[in-house]
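Please construct the entire structure, taking both the sequences and the accompanying hints into account.
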Amino acid sequence: MPLPGGVGVSRLCVYDTVAPDGEVGGTPHLHLCCAEAYVVVAGAGLVQTLTLAGYRETPLRPGAIVWFGPGTIHRLVNHGDLQIVVLMQNSGLPEAGDAVLTLPPEHLTDPATYAAATALPDGGAPGTDLAAAHARRDLAVRGFERLRAAANNGDLAPLRDFHSAAVRLVRPFVDTWRARWLSGALRAATETGRQLDALARGEVAHLADAVVHQFAEPHERGRHGMCGLLDTYPAT
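For reference, each letter of the sequence shown is one residue, going 1 to 236 in the UniProt record's numbering.
Here are the computed distance ranges between Cβ atoms for each label pair:
no. : residue 1 : residue 2 : range
1   : VAL212    : ALA157    : 50 to 56 Å
2   : PRO70     : ALA198    : 30 to 36 Å
3   : ALA208    : PRO59     : 43 to 49 Å
4   : ARG142    : GLU191    : 44 to 50 Å
5   : PRO59     : ASN152    : 18 to 24 Å
Derived by calculation from the structure, the hints in this document are not laboratory data. Note that beta-carbon positions come from the ideal geometry of N, C-alpha and C, so glycine has one too.
Here it is as structure tokens:
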């Protein structure tokens, strides 16, 4: 049974190393068909976002929830021990493919070039060298700075070009993503529709199917993610 609504969840400890612009934190990127929410559980920081509506900085403190839709470039900045529970659409697809980093344009020309610039040793498995994760973060920050500077000067053409490049990079994977949506979020929504229909008829049979599910602990701890070290849970 999927998590409620077919969401995915991870616990994130945001990177605590300095990027080329002097900020401490994660890798700027966007998602193309998934929304994402941050539930702040410890520390302090902010999330930098860039959309066609402009650049914004949103403070993060324990108890805050911040969320945003597809197309929002976002970057976590760590002011000290920033820890977040991340909720993701489509059974965690943002950590399973639906993400494009804001690399400079020369790295966005085709999937092979992009993959070479973003690959991590053993896929970012816990215990591997963090240098590659920091290097790709730094490369994405340089691209992000270019997009942000242009947008702040009223020039949205570079951001629109990045959107187009991102779509070209992910198009080969859309059928796989669709299968994940069908078995996760759409399945959960369709099941709710069936339950509503049953209630409208006064039927109670589906209540007999109640079951308690649990993940006693993360499936994996310390995976090298885009924004920090991830404690992950299985996609269901």
